[in-house]
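Participant: Chain by chain, the residues run as shown.
There are 2 protein chains.
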Amino acid sequence: MKKGTVRGCQLSVCGWKERRVEWRKWGRVNRQPEQIRETFLEFRILQKGEGSGGRLGEIDTPHGKIRTPVFMPVGTQGSVKAVSPDELRQTGAEIILANTYHLYLRPGHKLIERLGGLHRFMGWDGPILTDSGGFQVYSLAKLRNISEQGVVFQSHLDGSKHFIGPEEAMDIQQSLGSDIVMAFDECVSYPAEYEYVQRSVDLTSRWAERCLAHMAGGKQALFGIVQGGVYPDLREKSAHDLVRLGLDGYALGGLAVGEDRETRLHIIRETVKMLPDDKPVYLMGVGAPEDLVESVPLGVDMFDCVMPTRNARNGTLFTTHGRMTIKNAQYSDDERPVDDQCDCYTCTHFSRAYLRHLFLARELLAYRLNTIHNLRYHARLMAGLREALKDGRMDEFKEAFYKAQEGNIEERGD
Amino acid sequence: MKKGTVRGCQLSVCGWKERRVEWRKWGRVNRQPEQIRETFLEFRILQKGEGSGGRLGEIDTPHGKIRTPVFMPVGTQGSVKAVSPDELRQTGAEIILANTYHLYLRPGHKLIERLGGLHRFMGWDGPILTDSGGFQVYSLAKLRNISEQGVVFQSHLDGSKHFIGPEEAMDIQQSLGSDIVMAFDECVSYPAEYEYVQRSVDLTSRWAERCLAHMAGGKQALFGIVQGGVYPDLREKSAHDLVRLGLDGYALGGLAVGEDRETRLHIIRETVKMLPDDKPVYLMGVGAPEDLVESVPLGVDMFDCVMPTRNARNGTLFTTHGRMTIKNAQYSDDERPVDDQCDCYTCTHFSRAYLRHLFLARELLAYRLNTIHNLRYHARLMAGLREALKDGRMDEFKEAFYKAQEGNIEERGD
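Residue numbers (my numbering), protein chains in the order written: chain A, 350 to 763; chain B, 350 to 763.
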């Protein structure tokens, strides 16, 4: 497969060894021989969706297999808020995301490394993807100063001063020991001027190259992050720069940051086309059920978002029939489960009335039961999407998804 | 067995039927025939401890058996804070306490009754004891007005005005459907004048009689609460009044409210002697490990306290070697479990370093993992005390208990 090969090429299903050889060939074309490295991530496309281009796949990682398309719950500080690793697994989660920025600040990546890495520290033996810290540096930290070298910023916790550049981001993620690491990027706010985004895309490309060059040893796969805001040509430039590097996967960053839904879907559709067909595509920070249902047919393989967990703690539950605000008076003596289609611990053990009581009484159990349900909802939705891809009935699935929500009188609770 | 029979009498081990007959006989002596009722609680003493007078026993309730001496975790608002019913069971809990006052105010006892009772509402199928609401009316509510009839008070939640008397307390607990209900009492603050406590003891006795008279139908056992502050003769008067009523069990109330430890143990020792040997003795609101270890040999069968759960949420863990303040810097890279003797989920899965991190990061999982550990600690301590009673080696057990804590440099974390 040559550089620049895009979607629509022959279906690529190959084993570890062949895959590695092919990858090396491609690597040789674009980079210095000393940059060639083994890949520790194996992506297999099992089936392509009809028409629209979604795909059913599998990713092998050092910590097990992921079925794609997949939703990754967010474990910001080394814990998916309110649930235990056992429960997480029971909801159907196969991979989680952890935040480099947060863990770097507290408890510190070196401490986690000394204690055997993040998997062991948090008791999760499945795959972990860590983000680069780029997004949090821009969204959470104070007084950031961006230069060619990297970013100087102040901790949101105590105001202490820190520096993270591409090399530091790789070192931190290596200490954490995640299965998939993200290249350090600049995440531009929305809206942003074309010229700013243009310079930023170039910087992100140079940083990605430095990330790749710095990754020595370790069994980690490296994903690049396509930026470019809402400007199609800059997205193309960014994708082109990253694909040249022959990375293990490609993410779409800088979306769901305020742009309208049509624009977002357009950018996703066009950007995915610029990415190699045989690498996972990861849409960052997007997790509303409607967005998952719309993005999978566009060829997205991976998602992450705090929405199921954060909404749960705010009392908004996702159901087959739409969003449910559990504190509403209408549930005060409602004996039914949250979702009659759901098989989660919460739905099989507790009534809406009890969940409403727990939430109003601010009982800690409320946050957990709600979180279990929402994570299970997302896992079931992804399983449904995978089934639809397998059976070639995505249009039917989407129609049923929207139809089941008709008549839901509650407002959107995002 | 006659009225006034006290500890030291012949060991009473009898089955349901015999027990009931015997109880009726006793009842006939003291009360009007129309007050005679069946008992729905069967207490069997399996073995008496050597010398000091502790006893190993069993209580049968409509929701299963309890092994005594037992510690009851507190589920104030229909949830033992931070843990699920499944986890609660796994920690070894056999019975829990729920608060009448809280559940009456929110979500309301009538609602819980409509939804099938508290067991079903909260998903706990084991025995439940509900307190009378008396203690909370005095400790939480605003603007209370005590009369012969009962107490008028303002809700701590919204300031709304309410009335609870003996009959109301029984009705509420009947709606909740608990296995053991507590008679409505006045819990006097400490210190209190002799004359006030004297009047209060008499009021509590009259209220207990009204509670008993009001209890019609239902499969609930009724416990009286011995009050009397730190005045031995008033404790005796209170015990005498209640024992006359032939209740299913007797609680010691108004302790651990500020009196010193020696006084407390003295009151316990003397009061227990005034209670019938064949009924469970319940020490309310006491749960420090040292207090459990000292009170069991005095003949206490049941305890409840928020200490294990509240301390857990404050980051204080109970261990074989004494209390541990998990946020302390010394645990930052400590890979060991909280307690090397403990078999709980927390100790078998997570390090002190991780628990410290979760607590400092205010992760919800921290409160839960800490709670699981502390509840398991209390359950294991009670199991150890039961073993010691069985094997007649209580002194040895106590010695080992205190010896294991020697050299613990941490302060008390209550």
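Be aware that one or more of the hints could be misleading.
As the list makes no split between identical chains, a pair holds if one copy fits it or if it spans any two.
[As the list claims (entries may be wrong)] With a cut-off of at most 27 Å between alpha-carbon atoms, the simulated DSS-like pairs for lysine-lysine come out as follows: (1) K622 x K747; (2) K676 x K752; (3) K676 x K459; (4) K397 x K430; (5) K622 x K430; (6) K510 x K676; (7) K430 x K739; (8) K676 x K430; (9) K397 x K622; (10) K491 x K430.
By construction, these hints were calculated from the structure, which means they are not laboratory data.
Participant: Now look at each hint and say whether the structure bears it out.
Facilitator: Evaluation of the provided hints:
{"no.": "1", "hint": "K622 x K747", "result": "within (22 Å within a copy, 73 Å between copies)"}
{"no.": "2", "hint": "K676 x K752", "result": "within (25 Å within a copy, 50 Å between copies)"}
{"no.": "3", "hint": "K676 x K459", "result": "between (42 Å within a copy, 19 Å between copies)"}
{"no.": "4", "hint": "K397 x K430", "result": "neither (34 Å within a copy, 48 Å between copies)"}
{"no.": "5", "hint": "K622 x K430", "result": "neither (35 Å within a copy, 50 Å between copies)"}
{"no.": "6", "hint": "K510 x K676", "result": "between (41 Å within a copy, 24 Å between copies)"}
{"no.": "7", "hint": "K430 x K739", "result": "neither (32 Å within a copy, 43 Å between copies)"}
{"no.": "8", "hint": "K676 x K430", "result": "both (20 Å within a copy, 19 Å between copies)"}
{"no.": "9", "hint": "K397 x K622", "result": "within (15 Å within a copy, 80 Å between copies)"}
{"no.": "10", "hint": "K491 x K430", "result": "within (24 Å within a copy, 36 Å between copies)"}
Hint compliance for this structure: hints 4, 5, 7 are broken, all remaining hints hold.
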